[in-house]
Amino acid sequence: MARSQVRQPPKPLIDTWGAGRLGLIFSLLYRFGPPRWSQYVRKNWAGRRLVVAAPYLWLFLFFAVPFIIVLKLSFSEVRLAMPPFAPLIEKVGDLAYALNVNLGNYAFLLSDALYVNSYLYSVKVAAISTVFCLLLGYPMSYAIARSTPTLRSLWLMLIILPFWTSFLLRVYAWVGLLKTDGLINQVLGLLSLGPFTMMYTDFAVYIGIVYSYLPFMILPLYSNLEKHDLTLLEASADLGAGPIKSFLRITLPLSASGIIAGSLLVFIPAVGEYVIPSLLGRSDQLMIGRVLTDEFFSNRDWPVASAVSTAMLLLLVVPIVLFQRYQNRELAGARK
Amino acid sequence: MKSKSWFRRLALFFGFAFLYVPILSMVVYSFNNSRLVTVWDAADSPTLKWYRLLFSNEQMLSAAWLSIQVATVNATGAVILGTLAGLVLARFGPFKGRTLLSAMTTAPLVCPEVITGLSLLLLFVFMEQLIGWPQGRGFTTIVIAHITFSMAYVTVVVQSRLSTFDDSLEEAALDLGARPAKVFFRITLPLILPAILSGWLLAFTLSWDDLVISQFVAGPGSTTLPMVVFSKVRLGVSPDINALATIMVTIVGIGVILSSLYMRRQERRLALEMQLAKAEK
Numbered sequence: 062m063a064r065s066q067v068r069q070p071p072k073p074l075i076d077t078w079g080a081g082r083l084g085l086i087f088s089l090l091y092r093f094g095p096p097r098w099s100q101y102v103r104k105n106w107a108g109r110r111l112v113v114a115a116p117y118l119w120l121f122l123f124f125a126v127p128f129i130i131v132l133k134l135s136f137s138e139v140r141l142a143m144p145p146f147a148p149l150i151e152k153v154g155d156l157a158y159a160l161n162v163n164l165g166n167y168a169f170l171l172s173d174a175l176y177v178n179s180y181l182y183s184v185k186v187a188a189i190s191t192v193f194c195l196l197l198g199y200p201m202s203y204a205i206a207r208s209t210p211t212l213r214s215l216w217l218m219l220i221i222l223p224f225w226t227s228f229l230l231r232v233y234a235w236v237g238l239l240k241t242d243g244l245i246n247q248v249l250g251l252l253s254l255g256p257f258t259m260m261y262t263d264f265a266v267y268i269g270i271v272y273s274y275l276p277f278m279i280l281p282l283y284s285n286l287e288k289h290d291l292t293l294l295e296a297s298a299d300l301g302a303g304p305i306k307s308f309l310r311i312t313l314p315l316s317a318s319g320i321i322a323g324s325l326l327v328f329i330p331a332v333g334e335y336v337i338p339s340l341l342g343r344s345d346q347l348m349i350g351r352v353l354t355d356e357f358f359s360n361r362d363w364p365v366a367s368a369v370s371t372a373m374l375l376l377l378v379v380p381i382v383l384f385q386r387y388q389n390r391e392l393a394g395a396r397k
Numbered sequence: 004m005k006s007k008s009w010f011r012r013l014a015l016f017f018g019f020a021f022l023y024v025p026i027l028s029m030v031v032y033s034f035n036n037s038r039l040v041t042v043w044d045a046a047d048s049p050t051l052k053w054y055r056l057l058f059s060n061e062q063m064l065s066a067a068w069l070s071i072q073v074a075t076v077n078a079t080g081a082v083i084l085g086t087l088a089g090l091v092l093a094r095f096g097p098f099k100g101r102t103l104l105s106a107m108t109t110a111p112l113v114c115p116e117v118i119t120g121l122s123l124l125l126l127f128v129f130m131e132q133l134i135g136w137p138q139g140r141g142f143t144t145i146v147i148a149h150i151t152f153s154m155a156y157v158t159v160v161v162q163s164r165l166s167t168f169d170d171s172l173e174e175a176a177l178d179l180g181a182r183p184a185k186v187f188f189r190i191t192l193p194l195i196l197p198a199i200l201s202g203w204l205l206a207f208t209l210s211w212d213d214l215v216i217s218q219f220v221a222g223p224g225s226t227t228l229p230m231v232v233f234s235k236v237r238l239g240v241s242p243d244i245n246a247l248a249t250i251m252v253t254i255v256g257i258g259v260i261l262s263s264l265y266m267r268r269q270e271r272r273l274a275l276e277m278q279l280a281k282a283e284k
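Quick note, the sequences are listed as chains D and U, same order. For the first sequence, my numbering assigns the number 62 to the initial residue and increments by one for each residue that follows. For the second sequence, my numbering assigns the number 4 to the initial residue and increments by one for each residue that follows.
Simulated from the structure, these hints should not be mistaken for laboratory data. It should be emphasised that the depicted structure is a prediction, and the values quoted were computed from it without experimental measurement.
Simulated coverage check for chain D against chain U, where a stretch passes if three residues somewhere in it have a Cβ under 8 Å from a Cβ of chain U:
| no. | stretch |
| --- | --- |
| 1 | 232-246 |
| 2 | 346-356 |
| 3 | 363-372 |
From the three backbone atoms N, C-alpha and C, an ideal C-beta is built for every residue, glycine too.
With the hints as constraints, model all of the structure from the sequences given.
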């Protein structure tokens, strides 16, 4: 832009701000970050602190602190009291304190086959559902990205519309479809097939998860596929590659980041899914989200419930961090 | 590329059939006279009796009213906090603790609901012990929990909207002597208004729809609509739920169509104004 050349070059920031350990990195970031408005605001506006503080404090108090409490509670011992656990640091005498750090909850999780099983089962269900979601979502995103602009916004609206209606009711709709005397078996019956038992099986849970999370797979994939340079495909066709080869060698590798983002967006919440397996799933094999709620509400064992959720977070920490890195890159990339 | 267009049509056809057949089946069966959801009673259908049943269900109505209140307060709070967070992340450049803030705004997007619900409930229990607030659980705790997870969505929407503009307009206003707060209300806010509106609606829907987190942080006597629906459908299929689904699908359908028309008009006007502004320069 012509305007930015008229402007005076910004002063080096190292002497004015952020001269600490990270000063150099920050000043580099600043060079390539948003220019002067932010600099002005940073230096001159007292209200700035307030603007940063409000969301910061809220999230810190209601998102970060609760996790610390969960972590702390997972090391406590269960007690028949209200609240039903022993404090970590207990006053036992006038000046004597006892430190009740208890690894028993985690040992219990590992020793009881129920927990290990339901962890493995949840990961399996989430992984298989993610693959199905990708298999259905990829062709759809591809088709949408290659439509004309008018149709494209129509398709996108139709993808998002179910997302605005109640998730619970959409899962419930499948009960009527999948039952043994349900709509699908009736239709199959006309073709003299079935009836098949579909309710309360793994299959029903896969369907439920794919159905509920499909928009989360399609939207990141679409925003990736839409940006592809179509001349690459023309070039590869000119060089004699068939459409399948072109797809495998060009489109698929280019869409890798969209595939990863969409899959994580489906996989991570699906591991802890509670509603779908409760309505559609097996009763002899629980998913970990259900185990957690049962442990909390039915058994009133808060420490074990906390240990279950800490273990679930540990399992999900790598995918969550991956997702965050992707998300930040997307948001930073949109500026360019 | 012509040869593959049948494949793309097939993908769209099956995909949209998968997405819409369940919804349509609920709509159709909500007018069915038979109590057995899967048997179509041709003699006495269509009927509105499930709608009448729905509207005479006191428990359902009071739960719906509570849900509307929670969702409205939540959406307003989430929009304020989420817009501030989005503004900070998109415009304030690097500052100490930015990484933590951006982590705390993206983690709720994917964090399993059972974990968020459990941890918030434990927080409320601890806070009640320590400072005596919030007393018991109910409206306040549900709203706080909902704001916490739905503001993350608002943040992402606002942040990505802000990052599609550069800050040259804001800068110009500053050069002309406007104070930062004035710049925000006169320049930035109108620019991101569509994002704020859709963020509000998104937060409203998320809260209206939420079952798991509400179940954790709600007390006795504060039952939201999803909790009533869940306890009902857990026992099996009941046709008045189909009627409820039909009403919601209708409202949402109309809303989404209207808002997408409005957005498109807004986009066009903005693009035109930008062009005019550039041409004048």
